[in-house]
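> If you want the building blocks of each chain, they are given just below.
There are 2 protein chains.
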Amino acid sequence: MSLIDLSKHVALGIDIGGTNTKFGVVNHRGEVLEKGNLRTDAYEKVEDFIDALYQKIHPLIERHGKEKNFDGIGVGAPNGNYYKGTIEQAPNLPWKGVIPFGEMMTTKFNMPCTITNDANAAAFGEMLFGAARGMKDFIMITLGTGVGSGIVASGKLIYGHDGFAGELGHTIVKPGGRKHWSTGSEGSLEAYASATGIAITAKKMRAEFPESMLNQYLEESINSKTVHECALKGDPIAIEVFRYTGQKLGEALANFVMFSSPEAILLFGGVIKAGDFIIKPAKLYMERNLLPIFRNKVKLVFSELDEADAAILGASALVWEK
Amino acid sequence: MSLIDLSKHVALGIDIGGTNTKFGVVNHRGEVLEKGNLRTDAYEKVEDFIDALYQKIHPLIERHGKEKNFDGIGVGAPNGNYYKGTIEQAPNLPWKGVIPFGEMMTTKFNMPCTITNDANAAAFGEMLFGAARGMKDFIMITLGTGVGSGIVASGKLIYGHDGFAGELGHTIVKPGGRKHWSTGSEGSLEAYASATGIAITAKKMRAEFPESMLNQYLEESINSKTVHECALKGDPIAIEVFRYTGQKLGEALANFVMFSSPEAILLFGGVIKAGDFIIKPAKLYMERNLLPIFRNKVKLVFSELDEADAAILGASALVWEK
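Note that the protein sequences, when read in sequence, are chains Y and B.
Using this note's numbering, the first residue of the first sequence is number 424, and each one after it goes up by one.
Using this note's numbering, the first residue of the second sequence is number 424, and each one after it goes up by one.
Worth flagging that the hints you see were computed from the coordinates, not collected in a lab.
Check the hints yourself; a few may be wrong.
Identical copies look the same in the list; a pair holds intra-copy or inter-copy alike.
No farther apart than 27 Å at their CA atoms in a straight line, the calculated lysine-lysine pairs in the DSSO-like style are these [what the hints assert, rightly or not]:
| id | residue 1 | residue 2 |
| --- | --- | --- |
| 1 | Lys-519 | Lys-720 |
| 2 | Lys-507 | Lys-720 |
| 3 | Lys-431 | Lys-519 |
| 4 | Lys-720 | Lys-597 |
| 5 | Lys-722 | Lys-703 |
| 6 | Lys-579 | Lys-722 |
| 7 | Lys-458 | Lys-656 |
| 8 | Lys-531 | Lys-479 |
| 9 | Lys-720 | Lys-602 |
| 10 | Lys-626 | Lys-489 |
| 11 | Lys-627 | Lys-597 |
| 12 | Lys-722 | Lys-507 |
| 13 | Lys-696 | Lys-479 |
| 14 | Lys-559 | Lys-579 |
| 15 | Lys-491 | Lys-648 |
| 16 | Lys-706 | Lys-722 |
| 17 | Lys-531 | Lys-703 |
| 18 | Lys-602 | Lys-703 |
| 19 | Lys-489 | Lys-602 |
| 20 | Lys-489 | Lys-559 |
Looking at chain Y on its own, in the form it has when it is part of the complex (with noise of 0.2 Å):
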């Protein structure tokens, strides 16, 4: 009988943001051996970023290599396929159409590579290293710049029939409402619950009120940071922001409970750090809108991952399931 050594193997995790992108070497821990980073925004070419990224990673695999294997690469990426290893017309990326970037790294680093999306990634790496250990169905939503969404039922990933399942801050929330300044949809989660959904509420609450504090600032600082920031002053505009953000939110959330019924909803990213200004009314919301059945039963709990490691985490764990 052989037994593997898994203290001797490593894998990279690769979390690839619009901005940023930070790579890491991960063991079977969870643990982040060395970490590091490089712009994204950087490079208009594809190939450009992966030759950098190679500049950036070469010498930590020659480092660790030394004591432990490679076993392979994983990478979480907007619109990253799991089952055709490319990304597809992601809106934030500067690489447009479909990339085979799977193939591509393989090649250039001669490892496997697995790739999902990065809301995916992140999802994985709460499951085994953080807030969801130990959980079989839940949801994890990102609310950062964009809503983004992983989806685990029966402790396995939802991918959908061609990898793009769990596209949640594009479902809609509100028929007819708010234009999504890139998808074009109408009322959308995103439109409402994600850092740039607040600050176009915040912008259109604080011109129909004049005496709101969020009038003392240039329309160009107003983010769920500045929000925040009236709000906690006691500012009732600020406070009103939140609260209908969290309305949009927890009835989306309603609906989401009624499709997987998850044990726990994970809530992640900037707009999080409002809040009970904006997890309250989420919550109220929510159980307002559940049947019966669903009620007091659906935790809402916040990641416990740094963002970053998070998904560097789930990305290279990905290997290792595959």
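Use these hints to put chain B onto chain Y, whose structure you have.
Then chain B, alone, in the frame of chain Y:
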């Protein structure tokens, strides 16, 4: 090596509806060898129902049991819980509270009994023997008196952490919209796209438009069948009733697609007899609300199985899956 002779094994499939219960003896090939039914609503006490069911089914067991082995009982029932073997708070059944139905059946019939909700059972039947054969990711929507659903991802029914996943009829399609007659929720899919919802829409619209043919019927005769008759005769109001219903259905379907990215959505139940009057607008509004990566990919398919058979077949197949 001992091979099991599958042809000698059968299971009992039981489909419990609010009005009728149907049952059948099913073999591994999905052939219903013999079937029967009894009224559900004639039994105020669940014990009496199970006694009556036993009286009806016992002769079948005697007859088929001479040559074949009964491997167990599979039950599809409203609010049937796969994990717990219970039927819980089913609004359309005469028996209230939490009923340990599986246990009671096992005691009475001396066979293992597996339970799931009726729409899940029908979805499972379609996957094994009907229009979803070979599909690993699909959603089944039953449009009848109510709106039920079964969700399959990666070849498995989604049960959720508590066994109650897949209540898509109760997801909100119009926040603050029509109040549901039984749940009290506002703007659920069921409030619009069920036969009950269609009748409500039709009654409202015929009151607004005295010239509509719908006004030739008595109030109690307004249902999806009579609306369909008027639509076939070219009544624009009746056609609008279905268009509006299809719009709400399509908006909901778009959200479901962005959740689990199914290969197809299977439609099932009396309401789909309205055919293109409802399906064309449903398709239109589904596509309009989808992100581009999902567009023109998802098939809308009608069930291939007889409605009762689908659930009996699916329920019986649960026996062998477990």
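> Against each hint, give a clear statement of whether it holds in the structure.
Evaluated hints:
{"no.": "1", "hint": "Lys-519 x Lys-720", "verdict": "between (42 Å within a copy, 21 Å between copies)"}
{"no.": "2", "hint": "Lys-507 x Lys-720", "verdict": "between (36 Å within a copy, 16 Å between copies)"}
{"no.": "3", "hint": "Lys-431 x Lys-519", "verdict": "neither (38 Å within a copy, 58 Å between copies)"}
{"no.": "4", "hint": "Lys-720 x Lys-597", "verdict": "both (25 Å within a copy, 24 Å between copies)"}
{"no.": "5", "hint": "Lys-722 x Lys-703", "verdict": "within (12 Å within a copy, 39 Å between copies)"}
{"no.": "6", "hint": "Lys-579 x Lys-722", "verdict": "both (19 Å within a copy, 24 Å between copies)"}
{"no.": "7", "hint": "Lys-458 x Lys-656", "verdict": "neither (38 Å within a copy, 70 Å between copies)"}
{"no.": "8", "hint": "Lys-531 x Lys-479", "verdict": "within (13 Å within a copy, 69 Å between copies)"}
{"no.": "9", "hint": "Lys-720 x Lys-602", "verdict": "between (33 Å within a copy, 24 Å between copies)"}
{"no.": "10", "hint": "Lys-626 x Lys-489", "verdict": "neither (55 Å within a copy, 77 Å between copies)"}
{"no.": "11", "hint": "Lys-627 x Lys-597", "verdict": "both (17 Å within a copy, 23 Å between copies)"}
{"no.": "12", "hint": "Lys-722 x Lys-507", "verdict": "between (34 Å within a copy, 21 Å between copies)"}
{"no.": "13", "hint": "Lys-696 x Lys-479", "verdict": "neither (32 Å within a copy, 62 Å between copies)"}
{"no.": "14", "hint": "Lys-559 x Lys-579", "verdict": "both (7 Å within a copy, 14 Å between copies)"}
{"no.": "15", "hint": "Lys-491 x Lys-648", "verdict": "neither (43 Å within a copy, 70 Å between copies)"}
{"no.": "16", "hint": "Lys-706 x Lys-722", "verdict": "within (9 Å within a copy, 35 Å between copies)"}
{"no.": "17", "hint": "Lys-531 x Lys-703", "verdict": "neither (48 Å within a copy, 48 Å between copies)"}
{"no.": "18", "hint": "Lys-602 x Lys-703", "verdict": "both (26 Å within a copy, 24 Å between copies)"}
{"no.": "19", "hint": "Lys-489 x Lys-602", "verdict": "neither (53 Å within a copy, 66 Å between copies)"}
{"no.": "20", "hint": "Lys-489 x Lys-559", "verdict": "neither (36 Å within a copy, 43 Å between copies)"}
Consistency note: the structure conflicts with the earlier hints numbered 3, 7, 10, 13, 15, 17, 19 and 20.
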